[in-house]
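Chemist: As a plain string of letters, each chain reads:
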Amino acid sequence: MDYLKKNPKLVQLGFVLIGFVVLILMTGQYSEIIDVRDGFTKAVEKGQIVPVVGFSESVSMILRGQLPPQFVRIPELNFLNPVVSTSIVYILTTLLIMAGLIFNNYYAKIQSSKISLIDWFKKYWTKLFLYAIISIFGGLFVAPTLFTWFFGEPETSSFWDLPIIVTDYANFLMYEWFPIEIYDPDIEEFEDKALIFQITRGISAALLFAIALIREILLGGVKTIVTFTSWDWLSENKWAHWPALPWTVVCATATMLGYALKGRGLAMLAGFGTLYISIFGQWQPSMETLSFVLVAAPVSVILGLFFGVWSYKSKSAEVALAPLLNIAQSMPHFAYLVPVMVFFGIGDQAGAIATIIFATPPMIRLTLLGLKRVSPEVVDAGMMSGCHNYQLMFKVLIPTARRDILIGVNQVIMQCLAMAVIASFIGAKGLGFNLLLALNQLKVGQALELGLCIVIIAVVLDKLSLAWANKQTDYFADLPFIERHKWSLLFVVILLIGIALSYIGTFLFKGGINYLYLIPHTKGITLEPMLQGGIDWFLDYFFFSLQGFNKWLIIDVLLPMRESYLSMPVSATFFLVMGIGYIVGGIRSALIVAWCLLFIALLEWWDRALITAYMASFGVIVSVIIGITVGSLCAQNKTASKVVLLVCDTFQTFPSFVYLIPVMILFGVTDTTVLISVIIYATIPATRYTVEGLNSVPEDLQDAGSMSGVSRIQRWVKIELPLAFPHIMLGVNQTVIFALFMVIIGAFIGTEDLGQYIIKALSDKQGIGNGLLLGLCVACIGLTVDHIIQTWAIKRKQLLGMD
Amino acid sequence: MSSQDTPSQKEQPVVKCESVYKIFGENAKKMLQSSNGKVDAKEFQDAGCVVGVNNASFEVYHGEMLVIMGLSGSGKSTLLRCISRLTDTTAGQIFIDGEDLLALSGKELIELRRNKMGMVFQSFALLPHKTVVENIAFPLQVKGNSTKDSMTRAMEMVELVGLAGRENYFPRELSGGQQQRVGIARSLAVEPDIWFLDEPFSALDPLIRKEMQDEFLRLQGVLKKTILFVTHDFDEALRLADRIAIMKDGIIEQLDTPANIVLNPATEYVRKFTQEVPREKVLKIEAVMDPLDSSEELSDLKVSKDAIIETVVEAVLNEKKPVAVVDANNKTVGALHNSKVIHVLFGDNKEETNA
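The listed protein sequences correspond, in order, to chains E and L.
This note's numbering numbers the first residue of the first sequence as 1 and each following residue consecutively.
This note's numbering numbers the first residue of the second sequence as 804 and each following residue consecutively.
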């Protein structure tokens, strides 16, 4: 009893668990209905049960030990529609709110220090923008809405119709809102076009041009020339064709960069990597992917830097961006595709934009982190040297934060490659596109080859950019011209030799194919027959054992688990999650997670979300067990830790989609495939954080433990694990996010969770509402777990004084 | 250290503070106004404010070195940051060469910093991406000087602080002492009138610290800047200062010459510092000499009034007659009695230990 008194949280946890079980037991007559997906909804449709019962009947049902139906599944609810009105009364209200806010601020300021009206305006004029937004929101939106609700005739809509409403709003914004007159050169007339439509088309065109430009530098072509002239001009001037860079030049340049940035090892990696891509005939799609990354990455970096600097400068920007970044980082890749498709169409530019949206948040985070980590004394030193703001930012802050910012660049490149495959769903060309084609035709060997190319590009770019981040600046003071520009000069030499070689190649090779210029897909070496043969052989021998395992897993583990998730009444889920939230972070946390859950529960996808949750949690449990075991074992030894961290690093650079391919070979198109890819992908962070956490236990403590005479096991259990645990939990957090992402990607090979609906939304013209809201649902699951674990880990770390 | 003369009152002070307050917290200004200048740290703390500097008033004259001494949290660095306007002062006035510092616009402040102020930081605060010479040239380049000019000037500074031959090193390749030499050189590159040093030697090892103090005294002997020097090390303060301001909880407890502080500590807090100080190592002969009495017969031994007692004490105590004290022009200005020397060196301490 004493033990329980000292640990009130344990008692609380006990209550929560008991309540949870009681609620499940009280499902009673509904438990048979809800353990099938959408069973409840179907039963309602068939008229077997009523979705809602009245208050008195609810009470009597509860007294009988039976949950009323609305506590088992949240029924379709209606809400009062908000109204936007710009009539004169509401404009006046808006102005009144504005005046009130301004007066309030001014009054507070003259109370504390006497300043004149003009000084006040000079100092706080930026506030006016904020006030304008607040008062427009309040006057034109909140006020008329409230008025209609209380005195008018409000209309209602169902929460299940939200996707349609969102779609309608998006279409209105896109095609009708704020028409402007645009000169259309095709019909030589002015035409009314919606503003947003024009803007997005402008952005699309600019990006498309940039991608085409870089693509043609790497692969040759005529589009850039056409952009500046016309097709007619081109057909008159047959010579005007931009030649591609010979692959030898790209290959040698990559080798040179590797050598310049780090040394022989990286040079060899980069050289052999590009060589492989070339002689295996994947040059063209690889360069398409590369050109796509080379456009998306710089844009993301610039945007990330901009927002990072902005949130460093302005506290309110930071506060406003933080939740957006959180959501953005827990939205699955697929969820970005649908809105982007609606606003920017289909093609390389849409893929690039989805990639940019996906890759910018980590850059913002790391920029902000880097800037915040600059020692305040360095900032002071800059100020005392008489820097003005611009100089302080670009000569002191950003260079000093260089390392973190460059790590951000590295992250951006990785995210871009991770998106390369997924972006091909909305028409981005390159390796990803070919990979999807191959998978659709079940040419697994070919898919494997393409996947390998993506992995090679990812690893090479990752290592190059990391080496760049870690490279210390060299000093160029008294070096002669050749020394100073040796790498640029070398590049020119490589370029000339490459061009010369490919020129020689035109005489050397007959039949129109110049192997020193570009090796086409059909003429490259290919291992495909071999791979396919190997796979067939493997399947021939192991088919039955694999199938046996597969069947066992599905029937004895996955199905029961899935059923138990589905048979949770909604009130039990809420009780459990909110209870844990309360234990970890008090009322505030309980409310935050409740909002996240409520968002999912109000939409019609609760069952789907439960399936997503079941798949993710199965993946997480297995990953965490593997990760902590492997991590703990490896952390006992320095070399082993290094090796395992290296393996984690390498695996993390693989774009997530790639993991599906080998598993698919073994287990075909089943849930098992998805779950095994989830486990492989999500074990990485669990392992990495365990090793890092255990290694960061201070040496002194280890020594103190040794001197107290602990055994190895005791040291692990009593010293290392408790201290490393908060860090390990952060790893678990990452594992959850990774697992969720992979579950959603798994929808590609057929699951029946939220991800499946997201994929469906992709091929639906009216899918934007579905796509967005489904993405937010997944993000909500992620955010719930993220919030609980982060809050716990931060508190625990503070308690241990390890901040 | 050049002079302990009280500066002439007519000379305009280079830095002048008048009842400077710095209070951290949200409604610090309001609270300060309602308290009528009498700030009780505890009362403010209860209201969620932290008192950094509490009613500091003093003047620093041309070529003088004022050391601000205090333990951590005493507000010494905050005071320095107020005077360099790195933080905004809550109330009070600060004048630099008679100009109201707090009234300067952003542009004027930048001009002032570019031309008149230099600052050295505790953790050196060097820019990691620039070499030694580039770091030193940084304030000049920020100012808009041509690269050639600023590099030439920076090289002069490299010579001055004794880092010649290492000008192309990066900060990470230097030892702590060397890094601080770069910091010193950078702060001096624009030839500032006022030199702020915020615990410049605290992060260094004791031996290196001693060496850097010597180096610093040598530099000051050549440059004769007006200096505000912050330290938590009382010995360092005694070694370097013309005058010392001892701070506690934001209040200046005592502001005086080292000798006066050692001999007449104003408060109990100051006395605690002075107790352990070996006086013969701090005091000069001047502090213990008596006025010249013509009736007295003086010994043949002559000591300079600026000599530290320790260096001459053996000879003095061996003399039977009072010893003549002479100034720089070899003119006799006072007499030194053995009994007085013994009393000053050992007297008070004994009383205190008895008490």
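Heads up, some of the hints might be wrong.
[Said to hold, decoys possible] Derived EDC-like pairs: lysine to aspartate or glutamate, alpha-carbon spacing no greater than 16 Å straight-line: (1) L:LYS1084 / L:GLU1113; (2) L:LYS1027 / L:GLU994; (3) E:LYS471 / E:ASP556; (4) E:LYS471 / L:GLU976; (5) L:LYS1134 / L:ASP1103; (6) E:LYS109 / L:GLU829.
These are calculated hints, taken from the structure and not from any lab test.
Chemist: For each hint given before, does the structure comply? Return the numbers of the non-compliant ones in rising order.
Modeler: 3
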